[in-house]
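Asker: Those protein sequences? They're chains C and H, same order as listed.
Under my numbering, think of the first position of the first sequence as 1, with each following residue one higher.
Under my numbering, think of the first position of the second sequence as 1, with each following residue one higher.
No lab work stands behind these hints, which were simulated from the structure alone.
As the structure is a prediction and not an experimental result, all values here were calculated from the model.
Mixed in with the good hints, there may be bad ones.
What the hints assert, rightly or not - If the Cβ cut is set under 7 Å, some of the chain H residues that face chain C in the computed set are:
no., residue
1, N184
2, S189
3, M190
4, V191
5, G192
6, T196
7, E264
8, P291
For every residue, glycine included, the Cβ atom is placed at its ideal position computed from N, Cα and C.
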Amino acid sequence: MSDPFFQISQLESGYGEIQVLWGIDLTVNEGEIVCLIGSNGAGKTTLLRTISGLMSPTAGSIKIEGRVIAGADARLALTSGVAHVPEGRRLFRTMSVKDNLLMGAYIRKAPGDVEDDLERVMTMFPRLAERANQDASTLSGGEQQMCAIGRGIMSRPKLLMIDELSLGLAPRAVELLSETLIEINKSGIAILLVEQDVMTALDLAHRGYVIDRGRITFAASSEELRQEPAVREAYIGAA
Amino acid sequence: MKRPVIALIAFAIIACLPLLGDNYLLRLGTMFAMYAVLAQSWNIIGGYAGYPSFATAAFFGLGAYTGAILQGFGWPMPLAWVAAGLLAAVFAGAMGSAILHLKGHYFAIASLVLAEVLLEVTTSWTSLTGGGMGLNLPIIRMSIAAQARLFFWSMLGLAVLTFLMSWYVSAGRIGFALRCIRQNEDASSMVGINTTRYKVVAFVMSSLFVGAAGALYASWVFYIEPPDVYSVMTTIRPIVMTMLGGAGTLLGPVIGSAIFLVIEEVVWRNFLSVHAAVLGILIVGLIFYLPNGIVGAVARRFRKRGAENGET
Numbered sequence: 001m002s003d004p005f006f007q008i009s010q011l012e013s014g015y016g017e018i019q020v021l022w023g024i025d026l027t028v029n030e031g032e033i034v035c036l037i038g039s040n041g042a043g044k045t046t047l048l049r050t051i052s053g054l055m056s057p058t059a060g061s062i063k064i065e066g067r068v069i070a071g072a073d074a075r076l077a078l079t080s081g082v083a084h085v086p087e088g089r090r091l092f093r094t095m096s097v098k099d100n101l102l103m104g105a106y107i108r109k110a111p112g113d114v115e116d117d118l119e120r121v122m123t124m125f126p127r128l129a130e131r132a133n134q135d136a137s138t139l140s141g142g143e144q145q146m147c148a149i150g151r152g153i154m155s156r157p158k159l160l161m162i163d164e165l166s167l168g169l170a171p172r173a174v175e176l177l178s179e180t181l182i183e184i185n186k187s188g189i190a191i192l193l194v195e196q197d198v199m200t201a202l203d204l205a206h207r208g209y210v211i212d213r214g215r216i217t218f219a220a221s222s223e224e225l226r227q228e229p230a231v232r233e234a235y236i237g238a239a
Numbered sequence: 001m002k003r004p005v006i007a008l009i010a011f012a013i014i015a016c017l018p019l020l021g022d023n024y025l026l027r028l029g030t031m032f033a034m035y036a037v038l039a040q041s042w043n044i045i046g047g048y049a050g051y052p053s054f055a056t057a058a059f060f061g062l063g064a065y066t067g068a069i070l071q072g073f074g075w076p077m078p079l080a081w082v083a084a085g086l087l088a089a090v091f092a093g094a095m096g097s098a099i100l101h102l103k104g105h106y107f108a109i110a111s112l113v114l115a116e117v118l119l120e121v122t123t124s125w126t127s128l129t130g131g132g133m134g135l136n137l138p139i140i141r142m143s144i145a146a147q148a149r150l151f152f153w154s155m156l157g158l159a160v161l162t163f164l165m166s167w168y169v170s171a172g173r174i175g176f177a178l179r180c181i182r183q184n185e186d187a188s189s190m191v192g193i194n195t196t197r198y199k200v201v202a203f204v205m206s207s208l209f210v211g212a213a214g215a216l217y218a219s220w221v222f223y224i225e226p227p228d229v230y231s232v233m234t235t236i237r238p239i240v241m242t243m244l245g246g247a248g249t250l251l252g253p254v255i256g257s258a259i260f261l262v263i264e265e266v267v268w269r270n271f272l273s274v275h276a277a278v279l280g281i282l283i284v285g286l287i288f289y290l291p292n293g294i295v296g297a298v299a300r301r302f303r304k305r306g307a308e309n310g311e312t
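Produce the entire structure from the sequences given, and follow the hints as far as they go.
Answerer: Here it is as structure tokens:
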């Protein structure tokens, strides 16, 4: 059996003495959108931070295309093709929108086609093109999220991880972003989406994982998860 | 590229100070050069990277004692200065790797402790450092006036070296990375900036010339004792000077040290018993009215005028 495109097995991680993740298994296949749902404090963000190398796992492995990337090195994760769009966007204030996007290409050795990629992101998000020279802190929430996603794409990832896509955004903005995410996905980038809004998440994703207190409790297709009584009760609010 | 050249010309003019033949001015000039070394060095970690380091006194004291002890062993002065700078840099590298993962005031406190620990070690290690008795340096056989010139030019040379280092940082990839770290460290690390490495490099850069300046200071004053060289004021002054001039700018720390020196000489002499209060008021005033320092305020003024005349 060949390795899946992206695979996490028996991953454990935490902050100092406090263990947050207890043996996480998760896979993302090529070209897939996978969502991770769970309540506050379930370990979603910790999982993403561990994948992108901001935190070091205490056990288990993370592999992309068979290559091990675990172990607190954000550069390794990034050069291997994992881009992280953090919760709360985390843009560089006082830098223009364009410069923020260009920061995404910081890691790339050959600057040759960065301009092309910039063009691509601007076409994907026309709003960013309109505001290319504005200070990033003057953007609205939705536009900031666009900018953060654009920055992620500028590193030419194979897997794009987005933490809390819809947090604090207007429903209209979420719709717009969802459409663009599907477009990005069709261009061949797999997406791992963390989302509190379960309906949005299941609408977008092919498959989903439910994480609870640091453990994966359900793993199924979006359709099945939507039908699952326990999930409906806990996260959708209808039995 | 124009402003750094002007600054270098200014340094060259200051280097002519001994022509006036005034020993008091020469002493002030040496103090200015020393402050400029400390402030510019702090600016790299505190200004560009935004990490509020309180370790200046640790590097300074370590350098002073290293220089003094080596000179006591008979090392020639310049060699002792270089060794002191290098030892401070090694110390900063080791300590930086340990404490630079702390953020904000946690880092500030950890860096503050460095000087306190070194102070205790120096005071207790009597056999090597003379402990609380302090340490006398070998007398140099040279006329007083020649000594004054020698230390002035050496310290000024050190300030120019520090300036060149700041220039290299501000114009290059390091400065860019440090500014990104100041803006948002998490995001910097996510786009692939090796934040740990750059922070440690910045910390080491902020220590190298401070250590050398400490050794030069020891040679200059001939006698050092722990509370003098590890004084918390050695830590505070460069921070105030840099903020006064403009943190994270190339010229700010140099301008700040000159102005600070003038304030120190003119005002503090008249307020001998309350000079600490004056310093406090100065800091509070700075934060309120000049958050970006003099250079920042002037730059904003120019930008405004440019916008009024140019765009419309």
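Asker: All hints, please: hold or fail.
Answerer: Hint-by-hint comparison with the structure:
1. With 7 Å as the threshold, the beta carbon of N184 (chain H) comes within range of chain C, its nearest partner Cβ sitting at about 5 Å, so the hint holds.
2. Taking 7 Å as the C-beta contact cut-off toward chain C, the hint placing S189 (chain H) at the interface holds, the least distance being around 5 Å.
3. Checking M190 (chain H) against chain C by beta carbon gives a least distance of about 5 Å; that is within 7 Å, so the hint holds.
4. Hint status for V191 (chain H): holds, given a least beta-carbon distance of 5 Å to chain C, under 7 Å.
5. The beta carbon of G192 (chain H) is positioned within 7 Å of a beta carbon in chain C (closest approach about 3 Å), and the interface hint is therefore held.
6. Restraint check, T196 (chain H) versus chain C: the minimum CB separation of about 9 Å is more than 7 Å; hint violated.
7. Against a cut-off of 7 Å between C-beta atoms, the interface hint on E264 (chain H) is violated, since the closest Cβ of chain C lies about 33 Å away.
8. Interface restraint check for P291 (chain H): the shortest CB-CB distance to chain C comes to about 14 Å, outside 7 Å, so the restraint is violated.
When held up to the earlier numbered hints, the structure conflicts with 6, 7, 8 and fits the remainder.
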